[in-house]
Amino acid sequence: MSGNIRGFGYLESLPPVTFRRLYQQPATALAIFRRMLPNLAKTIVTTLLYNESPVALGDLEALVRPESYREREDAFSKLRRLHIITENNLDVSLDPVFKKNFRLALTGGGDHHSFGVPCNTEDKKKITVQFLDDYATRQFEAILHYMVGTHNEVKPSKGVITLLTKGGLMERYGAGSVATITKNGFSFLLQDGNPQIWALLIQYLEMSEELGMEQTDVLHFLLMLGSLELGQAYSVNTLTETQKLMLADLRDYGVVYQRKSTSDRFYPTRLATTLTSESGGLRSASASMSSAMVKDAEEGKGFIILETNYRVYAYTDSPLQIAVLNLFVKLSTRYPNLVSGRISRRSIQEAIKMGITADQVIDYLSAHAHPQMRKSLVTLPPTVVDQIRLWQIEGERMRTTTGFLFKDFHSTQEFEEVAKYAEELGVLKWKKPSKRCMFVTRHEQIADWLKRRASAQQQQQQSKKVAT
Amino acid sequence: MPPKRKAGAAGGTTAVTTTSAATKRSRPATPAVDVDTSDEYSDDEEIENTEEGRAISKVVNAFSLDLAPKGNDVISKRDSVSYIFSKQDFSYLKMKSDHESRPLWINPESGVIVLESFSPLAGQAQDFLTTIAEPLSRPTYLHEYKLTPHSLYAAVSVGLDPNDIISVMDRLSKIPVPPKIIDFIKKCTSSYGKVKLVLKENRYFVESTDPAMLQRLLQDPVIGPLRVQGEGGSGITKEKAPQMGALVIPGTRNAAGAANVNNQQGGPAEVAVDVVEDLFNSVTGLGEDEEGEDEEDEDAVHSFEIPADDVETVQKQCLDLGYPVLEEYDFRNDRKNPNLDMDLKPQAQIRSYQEKSLSKMFGNGRAKSGIIVLPCGAGKTLVGITAACTIKKSVVVLATSSMSVVQWRQEFIKWTNINPDAIAIFTSESKEKFRGDAGIIVSTYSMVTNSRNRSHDSQKMMDFLQSREWGLLILDEVHVVPAQIFRKVVHSVATHSKLGLTATLLREDDKITDLNFLIGPKLYEANWMELAEQGHIAKVQCAEVWCPMTPEFYSEYLREPDARKKVLHYIMNPRKFQATQFLIDYHEKRGDKIIVFSDNVYALRAYALKLNKAFIYGDTPQQERLRILENFQLNDQVNTIFLSKIGDTSLDLPEATCLIQISSHYGSRRQEAQRLGRILRAKRRNDEGFNAFFYSLVSKDTAEMYYSSKRQAFLVDQGYAFKVITHLQGIEQLPGLAYATVAERKELLAEVMLQNSEAGQQEGDDFDGAKLSYNAGRKGAKYRRTTGKLSELAGGDGMAYIEYNRSRNKELKGKGQSSAFFKKMHRENEKRRKEQNALKP
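Note that the protein sequences, when read in sequence, are chains A and B.
Numbering of the first sequence is given in the UniProt record's numbering, commencing with residue 1 and proceeding in unit increments.
Numbering of the second sequence is given in the UniProt record's numbering, commencing with residue 1 and proceeding in unit increments.
Be a bit skeptical, because a hint or two may be false.
[To be verified] Derived lysine-lysine pairs resembling BS3-like cross-links, with alpha carbons at most 25 Å apart:
#1 A/Lys330 / B/Lys723
#2 B/Lys710 / A/Lys330
#3 B/Lys187 / B/Lys87
#4 A/Lys158 / A/Lys125
Since the hints were made in silico from the structure, they are not lab data.
Model the full structure from these sequences, guided by the hints.
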C-alpha cells in the first residue's frame, strides 16, 4: 500500500559495497535477517550458515516443494538483492562477511559493541517504561498531528518539519507559508505504525547523506536500536560522532529519550525496540502504543463499525484516530468514547483529491474493524466497499500501472517462455504475442532469469562447441 | 404460516380524482436539529395559512429542542479535533463506570439516541425506544433514534409517564441523561397527553391526572362556560385512573372476554390481547420496580363533562392553549352505540408484532387514535380488522381505490364471523347500506371528500355516513393523502377513534407531521429487517444496475435543453433496454414472476411493445387490467408485466418475486419503499434460501444516478443494502438482444428525439405532491400540470408513434385473438370465473 513512500524495501536498492559494510556489524546482520527476509529465505540462510563449503543450487531448490515455486523464486531473489548469498556457477554460499557477523550475533563474542553498551552507573532520576511510552507517543503523535493539521500542544521541531517537507510528505507553497500535507503524506498517515516510522527513518537516512553523515554509520545505528532493551539506559560514549549527532534527531521523533543533549546516556523507546521485530505485528502507532501501555489489551483491537447505510461509528477518543478518520469520513457527532459520521460520495472524492486511494480507505477500515464486525463472514459490508471503489473509478476512467515493457525478443519461443515465467510470478500485466512485447509490474526477477538463461545457453553452446 | 390474501382479489388502483396540487398544505417547521441523517428536501412551498395548521405548528415549535433555552454552553474547544464537530462534540460528558454493559448514547443537543444492537439489553431497549422516539436508521450494528415532540407525544399517549421515560433512559444510557434532554422530555410531556377527551357512557369528559390543569381549563373563557354541571358542586369528579398496572390489565382482558361470551372463551382475540399485555408490561415494566407502587395517589384522574356538541370547540381551544387533547374511546362503556357482532375466526392468528402494535392502541383498555406503521405485506389489514373486532362498534374503512375497497370487504369476511350483509361498500359503482343497527362501510377517500357533483345516491350515502356515530375509522395507506383531505374526512365522519395504517410514513414534503394531530400519534413502527429475519416478509436482494449511456444517446442527452426530454433520453437508453431484456430473460428462466415498473408511460409502452409483454397504465380500462393481472397470476405463459406508477400501492400480487424499475419518480424515497413492498409478500418467501430480487436500472452519468441515491436513503436506513452491478455477466451472448447494432440504436434515438416534451413526463400524479427539482438552473422547472389526454402523454397522438410491435395486451383480449392457445386460455378463465361467481352467495 506504500505508493510512493519508500519503506524498508528502499534498502534493497543500495549498492553491494554498502551491504558489505553493513554486514560488518553483527547487530545489523541480525536485524536484516529478522526484518527483511521471508521465512523461506531464513531457512535457506540457516541451512548455509554453518556449511563451510558452497552448496549446489539444485540441492537448495530441492528443499522446496515444486508447487511453492513462486515462494522459492521470491526467497532467492530477495537473498540475491540483499547480497546475502553469492553464486559461483551453480554453487551457492553465504556472503563471508555476513556469515561471520551473523554467527557472532547468534553465538555472541567479539568486541564490536554492536548491540549497544549498557550504562552501568545508576541514573539519578529513575526512568520508567511508562515514562518512555508516554514520551514516545507524545513525540510521534505530535508529528502525525502536525501532518493532519490539528493543532497539538506539542509542536514538532524544525528538523522534523524539514524532514517531512524534504520527504515529500508535506509541502510549502512559497517561503514562510504553512506547510500542507501532500498525497504521499496522506498515504503515509493511513499506514501502520511500524512502516510509518521506517518511512521517516529511511527519509532521514537519505537526508543524512546530504549532510555529510556516513550512511552506513546511520544505518548501523538504526538497526542496532532494534536489538536494544526497553527501559535500559545505554552509554553514549561508544557511539561514533555521526551517531551522537543522530541522537538529537531521533529524540525528536520519539525513538530515543535523552534527558539533555550533554547527557551521557540514552534510552530507546518502544518505537525503537520494535523497529526490527517481525513485520505486521503492530497496527497504527497510537493503537500499538496504547495497547502496549495497557498490558493485557489485545494488540491493535479494532474500533470501527461500518454500516450498510454508509454510517461509520468509531469507538475512540484519540484525537489522532479521529483526525485520520476525518480524512475520508464526514464526521458529525462525538461522544466521550464514540464518534459517528458517514461515508459519502463527497467525502470519498475529497479524500481521493487529497491522494488517498479507495483501497487505502478500505484497508484502513478493515484493518481496524470492530470485533463485532469480524464476527460476520465478510468484515465490511460488500456493497459499501464496492461503492467506495466505484466512487473512485467515477473520477478516473483510466487506471495506470507503473511497470516495465519488455520487447524485441529474439524468437517467439523466447517470448513465450518469458511470458510464462512472468505469469507464474504474477507480475504479467499485458502481452501481445504478435508484436512480441509484454508489460510487467516488476522486472528484477525476470531480468535475473533472463541473464541466467542466457549464460546457461552460452555454456550449452560452449559445451556443444567443445563436444564438436 | 398465516393464510395469505386471496390472490384473485388483486387489482389495479384507479387514480383518485381529487387533486392535491391546488390544496393548501401545512408545514409546521420540523422540530429539532437537522441531523445528517437523511436527505430531506425542502421545497419552498407557501406556508400553511389555515388556522388549525398554525395552531399545530405553534404547539410543535414550542417544544423543539432547538428553541429550548441553552442551559450550559460547554466549551467547544476541548482538543485538537474538536473543531470538526463544532457543537456536536460531547466528549466532555462523563461515562458511567459500567458503561460497557449499557447500550445507549444520548445526544444532548439533537435528541438523537444511538443504540448498540449487539448489547444484551438491546432487545428491551429497542422496544422502549420505538415507543418514545422516531427510528432514524436500523442497520446491523448501531441503530439511531431521535426524540421528537411527536414521538414523545406518542409515548405519552400510550400511557408512559415522563418520569418512567427518564428513569428507563437513565438505566440504559452509557452517560447520565443530559439535563437538557430531561428538560425537553418534561416540557413536551407536560403539555402533551395531559388532557384527554374521553367518551364514556355516551358523555364526553375532559379528563386529566392533574386537577390544577382542569382548573386552568375551567378558567378559560371559552371552555369554562361549556362545562356541564354535575350533581356534585365542584363539577370535577375524581376517580381511579384507567392507567396501566393491575387495574387495567384485567380490564382489557375483560373487554375481549366479554365480547367472547357468545363465542365461548378462548377466542384468538383474547389470546392476542393477553400476549399484548405481557409485551406492554415488558416495555413499561422496565421502569416500574424503581417507581414502585407509590404512584397510587397520582393514579387518580379528574374530569369534568362537556356537551357533545361542543367537543370540537373545546378541542380547538385546548390546542390554542398549547395542550393538544388526546382522544380516548372507552368503548366498553359506550352503551349508546349498538355493538357489532363480530369476532376473529378461530383460525386467524396474529403475529407478535401485530400484537405489539395493537397493544399500543388498547394499552389501557380504551381505544386510542393513532397510526400503525408496518411494511407492505406485513398484514396491515389484519391489524385493522383485529382493532375493529376489539372495539365491536360500527366501522368506516377508507381506502385509496375501489379495488382495495373490494379487497377490504373480502378480508373482513375472510377473517371474521361477521354477517356479510353487515359490510357495505360505498364507491362510485355501488352504494349500499348495511342492514341492522351496526355495521361496516368501506369506501374511498375520494368518495367521502369529493363534495362537488355528488349524485343523488351518493349524497344519500353521505347523509347516512354523517348522521351516525362510528366507533372506529380505519384509514388505509394514510401517507398518500395530504392533511387537507384528512381534515375533511375527520370532520365529515363522526368517529370515536381513528386508526391510520401505512408502510411508509414518509413524504418528501412535510405534510405528514400534521397527521400526528389529525389522526393521532404514531403508535408503532416495525423493523423491516427483523420481520424479514423472522420470515414474515420476503428477504430481498437489492441491486442497482448501472447502464452506461451509448455515445449517441449521451451526446444528445447533453445537448438537449429541455429537462423533460432529457429524462426521455436516459430512460430510453438502449443499454438500459438491453439490461431489462436480459434480466427478464434471466429471471423468467429461473421461474420468477416479474413486475417491471416505469413511471414514464411512453417508455412503458415502448419497452412492453418491443419485448412483447403485457402492460397496465392509467388509461388501461378496468376490464383489461383485471384480465392482465389474472393472467399474470395464473397463466404460466405470462410471467412479466409492465406497470406504471398506478401499481405502486395496494396492488396485491403475491406471485411476484422479481421487480425491475426502469424509471421512477425523481428522488421519492417512499415510492422506492412502496415498490419494494410489491415483492415482500411473495408467496414463496418461506422456501429455503428464497430471495426476491429488486433491480433499479440507472443510466450512468445522468441525473438518474443522483436521484437513485436519494431514493434508496429510506431503505438503506432500514438495513437494506444495494449492490451496484456495473456489468451483467453474459449480456452480450443473449440471443436476440435488442439494439445490438449502431443502426438500430440510431433509429431508436431518432424516434425518441421526435417525441414532444410531454412524453418525458410521468403519468398524472394522484395524491402525491412530492416534487423535487433537480435542475436548479431552470427556475420552477418542477413539472407542471397541463391539460391534455393521456394518449398524448403516451406518445399516441403524434406522427412519431408507430406501432411496430403488436401489443401483448391485445392478445390477451377476448376478441381478435390469433392464437388458438390464447383462445383456449381465455375460455378456461371465463369458465373459472363463472364457477367462482356461482359459488358466491
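Against the structure, the hints come out as follows:
no. : hint                : result
1   : A/Lys330 / B/Lys723 : holds (22 Å)
2   : B/Lys710 / A/Lys330 : holds (17 Å)
3   : B/Lys187 / B/Lys87  : holds (23 Å)
4   : A/Lys158 / A/Lys125 : violated (28 Å)
Of the hints listed earlier, the one the structure fails to meet is number 4.
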